[in-house]
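Visitor: If you read the protein sequences in the order shown, they are chains A and B. Using this note's numbering, you'd call the opening residue of the first sequence number 1087 and step up by one each time. Using this note's numbering, you'd call the opening residue of the second sequence number 18 and step up by one each time.
Hints in this document: simulated from the structure, not taken from any laboratory. Check each hint, because a few of them may be wrong.
To be verified - Once the Cα atoms are required to be at most 25 Å apart in a straight line, the calculated BS3-like pairs of lysine-lysine come out as:
no.	chain 1	residue 1	chain 2	residue 2
1	A	Lys1141	B	Lys66
2	B	Lys29	B	Lys118
3	B	Lys70	B	Lys29
4	A	Lys1138	B	Lys153
5	B	Lys123	B	Lys153
6	B	Lys123	B	Lys29
7	B	Lys154	A	Lys1141
8	A	Lys1138	B	Lys154
9	A	Lys1250	A	Lys1236
10	B	Lys118	B	Lys70
11	B	Lys154	B	Lys118
12	A	Lys1250	A	Lys1210
Stated by the list, open to error - With the C-beta cut set under 8 Å, the calculated list includes, among others, these residues of chain A facing chain B:
no.	residue
13	Ser1105
14	Ile1142
15	Asp1266
16	Met1279
17	Gly1281
These numbers come from a predicted model, not from an experiment. Beta carbons: idealized from backbone N, C-alpha and C, even for Gly.
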Amino acid sequence: MSYYECDVRSLPEGSDSPSRLALVARRLGYSGMIICNRATNGPLFGAGATEKIDKIDVARGVELVASSPRTLHSRTAALRSRFDFLAACGGPERIDRAACEDPNVDLLLHPQERGKRLGITAAKAARDNQVTIGIDLGPMIHLRGSTRIKWAETVHQDLKLIRKFDLGLMITTGPKSHLDLRAPREMIALARMVGLEDYEAEEALRLPERILGLNRRRWASPGVEML
Amino acid sequence: MRSRLPVLRDRKRYIAFELESEGSVRSGDLIREIYASQVSLFGDMGASKNRIKLITFNGGFGLVRCSHRRVLECRAVLATVRAVGRNRVAIRVRGVSGTIKTATEKYIPQPILQAVDDERRIDLGLVSGSVARIRKKEIDLSPDDKKITEGSGTQYVGLTYFDLCGGDTNADGTSDGV
Chain A
1087 MSYYECDVRS LPEGSDSPSR LALVARRLGY SGMIICNRAT NGPLFGAGAT
1137 EKIDKIDVAR GVELVASSPR TLHSRTAALR SRFDFLAACG GPERIDRAAC
1187 EDPNVDLLLH PQERGKRLGI TAAKAARDNQ VTIGIDLGPM IHLRGSTRIK
1237 WAETVHQDLK LIRKFDLGLM ITTGPKSHLD LRAPREMIAL ARMVGLEDYE
1287 AEEALRLPER ILGLNRRRWA SPGVEML
Chain B
18 MRSRLPVLRD RKRYIAFELE SEGSVRSGDL IREIYASQVS LFGDMGASKN
68 RIKLITFNGG FGLVRCSHRR VLECRAVLAT VRAVGRNRVA IRVRGVSGTI
118 KTATEKYIPQ PILQAVDDER RIDLGLVSGS VARIRKKEID LSPDDKKITE
168 GSGTQYVGLT YFDLCGGDTN ADGTSDGV
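One chain only, chain A, in its complex shape (with noise of 0.2 Å):
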C-alpha cells in the first residue's frame, strides 16, 4: 500500500512549502511524494524541512521543458544524476518521440495537452527504453464542458496504446497547491471514470516507488552496487 504522488509542485512553481505538501499528502494516505518543479524556475523553498516530517518519503526529482529534442537530450544528461527523477514535459510530437528515446528520462508528463495524442513511433521507443507515461488527471478536475471532453478523448486513445504495448503507467493531478492533492481512493475513482481498470490505477500509484528505488541505487562501478 505505498502510494507516491508523482508530479508536485511547491513554492516558487506552486503556491505551498514542500513541507506542506507533505503533511497533507500523508494525512491522505500517501507513503511518499516526488516534488517535480521545472528548473527554470528557481530553487526549490524550504526544501530542507521536509526532513522533519517522519513517515513520508519526499523526493526531488526536475521537470524538463526543451524546445527541441537536442536541448532535451543534453540537459537529461546533465540532470540525471542530481536528481531521483527526471520527468519530461511532452506536446510536440518531436518532443514527445525525443523524451522516449532518452533512456535517462523517467517519465513523460502531459502529452494529452491540447488535444495531442501520443504516437506509435514514440510508444514504441517508450516501451524499448522503458519511459513510463503519466496521466495528468489535473484536467478531470480544473475544466467542465468540452474541453475536458477533448481531454478524455486524448486519454482514451493514449490508453489503447499503453494497453497495446505494455507501457508503465503512472497517474498524478499536476497539484500546485495541497487543495489539489486528491487521496490515492479518489485517484482510483477519477481514474476509473477516464477508463483504468482499479488494479490498473493502483499499479500506476505504486510505480513511482520502484521507479525511485532504482534510481537511488549506487553504483561503484558498472555492474557493481554499493548496498
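Got chain A sorted already, so can you dock chain B onto it with the hints?
Guide: Coordinates of chain B only, in the frame set by chain A:
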C-alpha cells in the same frame, strides 16, 4: 401510510467528508457545486443513478447520501469539486458507512481548525505575509505579494511550522518561530 414497500426501498451509503477551504462555505452553495460537477461528469441520466443528497454540513464536516452501488462514482464527483464561488476548496472523504449514526460517530470529529485573530507576520525572504489560520502544524499565510499564488489560483500560501524554525524575526518566544 407506508409510502413504499420495504423490499423496494433502495439501499444507501453515507459518505462522511471534510471540506478544506480558504473561506467559509455555505451548504447551499456546496450542494449546488456538487450537483454541477456531477452533471458535468455523468450527464443528466448518469447523474440520476447516483442519487446524491447532502444530509448535513456544518462548515467543516458533512454527510452525503448516495446509492450503494455508486460509491466510487460519488467519490469521483466529490474529487472533481474544485471551487465553491471564489473559494478554492477540496473535499476529503473520511469514510463510508451504511447509516447516518455510524458515519457520524466514526468519521466526524470535533473541528480542529483554529482561526487566528491577532495579525502575526511571517517573513521568510521569498514569502512574506500575515498568518490567516493554523491547523495543527499547517499554516495558511496571506501573502503580501499576491503574484506568488497566481499559478495555482489559491488565495493563501501553505506553509508548516517546519518552514519557520529558527529564522523568524517576529517570534513571540515559542521555539517554532510563530
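Visitor: Now look at each hint and say whether the structure bears it out.
Guide: Hints and how they fare:
1. A/Lys1141 - B/Lys66: Violated, at about 40 Å.
2. B/Lys29 - B/Lys118: holds (13 Å)
3. B/Lys70 - B/Lys29: OK: B/Lys70 and B/Lys29 at ~11 Å, within 25 Å.
4. A/Lys1138 - B/Lys153: holds (15 Å)
5. B/Lys123 - B/Lys153: The given pair, whose Cα atoms are some 21 Å apart, holds under the 25 Å limit.
6. B/Lys123 - B/Lys29: holds (17 Å)
7. B/Lys154 - A/Lys1141: holds (15 Å)
8. A/Lys1138 - B/Lys154: holds (12 Å)
9. A/Lys1250 - A/Lys1236: Measuring from Cα to Cα gives roughly 22 Å; hence the hint holds.
10. B/Lys118 - B/Lys70: holds (16 Å)
11. B/Lys154 - B/Lys118: Judged against 25 Å, a Cα distance of about 31 Å means the pair is violated.
12. A/Lys1250 - A/Lys1210: holds (10 Å)
13. Ser1105: Where the cut-off is 8 Å and the nearest Cβ of chain B is about 4 Å from A/Ser1105, the hint holds.
14. Ile1142: Cβ of A/Ile1142 sits 12 Å from chain B, so the hint is violated.
15. Asp1266: holds (7 Å)
16. Met1279: holds (5 Å)
17. Gly1281: violated (13 Å)
Consistency with the previously given hints fails for numbers 1, 11, 14, 17, ordered from lowest to highest.
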